[in-house]
Structure formats: C-alpha cells, structure tokens
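Number of protein chains: 2
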Amino acid sequence: MNFLEERIQKDGVVKEGNVLKVDSFLNHQMDVKLFDEMGKEFARRFEGCPINKILTIEASGIGIASVVALHFDNAPVVFAKKAKSINLDGEMYTAEVESFTHKNTNHVIVSKKFLSKDDHILIIDDFLANGCALQGLIGIANQAGATVEGIGIAIEKGFQQGGRMIRNLGYKLESLAIIDAMDASTGKITFREQQAAHH
Amino acid sequence: MNFLEERIQKDGVVKEGNVLKVDSFLNHQMDVKLFDEMGKEFARRFEGCPINKILTIEASGIGIASVVALHFDNAPVVFAKKAKSINLDGEMYTAEVESFTHKNTNHVIVSKKFLSKDDHILIIDDFLANGCALQGLIGIANQAGATVEGIGIAIEKGFQQGGRMIRNLGYKLESLAIIDAMDASTGKITFREQQAAHH
Chain A
1 MNFLEERIQK DGVVKEGNVL KVDSFLNHQM DVKLFDEMGK EFARRFEGCP
51 INKILTIEAS GIGIASVVAL HFDNAPVVFA KKAKSINLDG EMYTAEVESF
101 THKNTNHVIV SKKFLSKDDH ILIIDDFLAN GCALQGLIGI ANQAGATVEG
151 IGIAIEKGFQ QGGRMIRNLG YKLESLAIID AMDASTGKIT FREQQAAHH
Chain B
1 MNFLEERIQK DGVVKEGNVL KVDSFLNHQM DVKLFDEMGK EFARRFEGCP
51 INKILTIEAS GIGIASVVAL HFDNAPVVFA KKAKSINLDG EMYTAEVESF
101 THKNTNHVIV SKKFLSKDDH ILIIDDFLAN GCALQGLIGI ANQAGATVEG
151 IGIAIEKGFQ QGGRMIRNLG YKLESLAIID AMDASTGKIT FREQQAAHH
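Protein chains in written order, with our numbering: chain A, 1 to 199; chain B, 1 to 199.
If we strip away everything but chain A, and leave its shape as in the complex, we get (with noise of 0.2 Å):
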C-alpha cells in the first residue's frame, strides 16, 4: 500500500451505499503534510509533462491544488468558481456539473483572462466517481482551446465509471488510491494493485 492507501485505510470510514467519509484528512479538515506528499507523488508521474498551470474546481479541490501547485515551477492554481447566477456576458467559460452528493446541478465558471490556447494544464481534484465534475473541467480546457497534459486524483471509486470513461478518451489519468470495493459492514476497503508510489 502506498502512503495515501494506508491514510485511507487508517483514517476513512465507509458508510453504506458506498459513500467514504474522508473529512478528517482531505476535504474539511486537510492534512498539508499529507498533501506535501501527494504533491512530490505527482511531481513524479507527470514528470516531463509541460506544465504551466493547474486547473480545479472549489472548495475541496482548492487545498490539495495549491499544495501540490508548489511542486511544479512557476504553475498558478486556477479554480473553478459555482456560479451564482449564469454569466452570458462572454467574459467565462462556463460548465455543468451535477452532483452526486447534492443531488442537484452546478454552473462553474472560469475567467477567459486565466486560460487560453497557450496552456498545459493539469487538472486536480479530491475525488473522482462518476466524472462529473472532471468532464466540466475537461470541457472548460477545451473551451479554452488548452491542452491537458494531465490528471491528478487523490480519491479514484474504481467501481464506478468516470475513471474508466477518462482513460477510454485517451487522457493521462493518475489516481493515488483507487478503490474497488468496500464493504460498510466490515469496512474492509480493496485498493486496486498499482505501481509503488516512490516515496
């Protein structure tokens, strides 16, 4: 198991219909250290891969972005914004992201002054189940005519479809964890075999 895995293992809590609490150390309370680690971890499976800026969506996406953004040289962080109202003054780029959690669908928004055809971007995010979010990130990049040289997911639900519908589409999908199973009674969690993280 690698660092995040154990974390998981030690720390989560699953709950039934496969819902993984992880707010102790991820996405309400943050662990940086944590996120230190996760950053080098990136750092090195996207080595070589120009990257100028990192691409995420609020609010849990924010923390893990920033800290892994200092591992890369001379990478801003831009974050895409819930809309408030829909903006049709062409000054955004703008998607829709259900949520699964709320049950409900989200404007995002990013400003067309901090993306454009010229950048190479990684994408990061805490979670990644059915994809949602990550296609309106996807969308945003395309908009912009950006290149995605890259995605960092800390949380991959391998049982469900986003990450296999990602990496059908051909992009660079590296996920830290990614779960295949987990029982809410036992609360056995089965991580997916992969490379050892180098860490």
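Bear in mind the hints are in silico, worked out from the structure with no lab data behind them. Treat each hint with caution, since some may be false.
[To be verified] Heads up, simulated DSSO-like pairs for lysine-lysine below, C-alpha to C-alpha not over 30 Å straight-line:
{"no.": "1", "chain 1": "B", "residue 1": "K84", "chain 2": "B", "residue 2": "K103"}
{"no.": "2", "chain 1": "A", "residue 1": "K82", "chain 2": "B", "residue 2": "K10"}
{"no.": "3", "chain 1": "A", "residue 1": "K117", "chain 2": "B", "residue 2": "K113"}
{"no.": "4", "chain 1": "B", "residue 1": "K103", "chain 2": "B", "residue 2": "K117"}
{"no.": "5", "chain 1": "B", "residue 1": "K82", "chain 2": "A", "residue 2": "K84"}
{"no.": "6", "chain 1": "A", "residue 1": "K103", "chain 2": "B", "residue 2": "K103"}
{"no.": "7", "chain 1": "A", "residue 1": "K40", "chain 2": "A", "residue 2": "K84"}
{"no.": "8", "chain 1": "A", "residue 1": "K172", "chain 2": "A", "residue 2": "K188"}
{"no.": "9", "chain 1": "A", "residue 1": "K82", "chain 2": "A", "residue 2": "K103"}
{"no.": "10", "chain 1": "A", "residue 1": "K112", "chain 2": "B", "residue 2": "K188"}
{"no.": "11", "chain 1": "B", "residue 1": "K103", "chain 2": "A", "residue 2": "K15"}
{"no.": "12", "chain 1": "A", "residue 1": "K21", "chain 2": "B", "residue 2": "K112"}
{"no.": "13", "chain 1": "B", "residue 1": "K188", "chain 2": "B", "residue 2": "K10"}
{"no.": "14", "chain 1": "B", "residue 1": "K84", "chain 2": "B", "residue 2": "K10"}
{"no.": "15", "chain 1": "B", "residue 1": "K21", "chain 2": "B", "residue 2": "K188"}
{"no.": "16", "chain 1": "A", "residue 1": "K82", "chain 2": "B", "residue 2": "K33"}
{"no.": "17", "chain 1": "B", "residue 1": "K117", "chain 2": "B", "residue 2": "K172"}
{"no.": "18", "chain 1": "B", "residue 1": "K15", "chain 2": "A", "residue 2": "K112"}
{"no.": "19", "chain 1": "A", "residue 1": "K21", "chain 2": "A", "residue 2": "K10"}
{"no.": "20", "chain 1": "B", "residue 1": "K15", "chain 2": "A", "residue 2": "K113"}
{"no.": "21", "chain 1": "B", "residue 1": "K113", "chain 2": "A", "residue 2": "K188"}
{"no.": "22", "chain 1": "A", "residue 1": "K10", "chain 2": "B", "residue 2": "K172"}
{"no.": "23", "chain 1": "A", "residue 1": "K117", "chain 2": "A", "residue 2": "K84"}
{"no.": "24", "chain 1": "B", "residue 1": "K117", "chain 2": "B", "residue 2": "K84"}
{"no.": "25", "chain 1": "A", "residue 1": "K21", "chain 2": "A", "residue 2": "K40"}
{"no.": "26", "chain 1": "B", "residue 1": "K33", "chain 2": "A", "residue 2": "K103"}
{"no.": "27", "chain 1": "A", "residue 1": "K117", "chain 2": "B", "residue 2": "K15"}
[Claimed, not checked] Short, incomplete list of chain B residues facing chain A, as computed with Cβ under 7 Å:
{"no.": "28", "residue": "V13"}
{"no.": "29", "residue": "V14"}
{"no.": "30", "residue": "N18"}
{"no.": "31", "residue": "D31"}
{"no.": "32", "residue": "E58"}
{"no.": "33", "residue": "I62"}
{"no.": "34", "residue": "S66"}
{"no.": "35", "residue": "V67"}
{"no.": "36", "residue": "A69"}
{"no.": "37", "residue": "H107"}
{"no.": "38", "residue": "S111"}
{"no.": "39", "residue": "F114"}
{"no.": "40", "residue": "I178"}
Where a beta carbon is used, it is the ideal one built from N, C-alpha and C, also for glycine.
For chain A, the structure is supplied; the task is to place chain B on it using the hints.
Same frame as chain A, but now just chain B:
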C-alpha cells in the same frame, strides 16, 4: 512596500465602489509561490504562539490557508463550509455570514469533530473588510471553546471598520497589506505603513 503590497500595486485593479480586483493572483488564479512567501511571513509574525490548527472559510481562503499551514508544525487546516441547509442535529458549529459582494446571508458550518477546547487556532483569510466572515469564524472558535491565537489576513481594507473592531476586541490581527485609500480614476492605492516584512 513589502512583497504583497508590491504585487497588489503591480497586478491589482481598482474599480468603482471601493472594489479591488486581485483575481489574477489571489482568489481565482492563485500564485502559490506568493502564498508560500505569505506563509513565511505569518510564521514570523506568529512565532512563539502555540498554534495547532488553521481555520479558514471556503472558497478563497482555502488555498492561502493550505500553503500557509506548511509553515507551521503539525497544523492541519479546517475550512468552514457554506451550508446547503441548516443542520440542527448538533454535530456542527454554525455561524451566519453576510456577504457584501453577493448581498446575501450564508450559514457556514464546521464539524464538531474538528474543533475543541484544546485547539489553539490561527484564522487565515484572503480579505478583511467589514469583518463579517471573520466574526463568523471567531464565533465558531468560541462555540468550540478553542483559543484564537491570532488572525492572519492577506489584504485588509483599512477604510472599513472590520479590522479596527477586531483589534478593539483584543485579537492579535496581522494583515500583510492594509489599504487606507484607493482611487478608481487614477488606480492609486495607499497602503498603511507597517514594520517591514522579513523577506
């Protein structure tokens, strides 16, 4: 001028109605190397305070708080979340926060699991103007019985009352840049003099 004042002077845009746009480096696109400098400076200003946790509020506080937290030993970040609905089941600390920008009131929540009377908190946020967000965060810390060791702000609008009120209450409030006046017609920004940042 310190490093943040210089950056505001260079890349900030003054708009009518005392609006300062810093979305190219602080709160939409985020220069994490600048946040790293801010972390060094906050670590210097709060040296000797027994800080074990950083508290902030979604969304734009999260990136700064996460990078700043790397400069403190074993201090995870907890961010107050905008509540979808008011949760009355007793598992959350809650506060009301008025938004000046959006002219509405949000409830923000922090899980009781992540703040307690044993915590010594540094509150971090990007902006301080009328102080509503900060009052909410202090209120949540007080509900938990935690000790607020200090408050670190990137940009304070010194011509609004939030900073004076918080200092009058006796909190150790450190703002890296305090703006005493700005003029949308000329773009001129006047900073309050403070001791030089160790840079």
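Of the hints stated earlier, which fail here? 3, 4, 7, 11, 14, 22, 26, 28, 29, 30, 37 and 40
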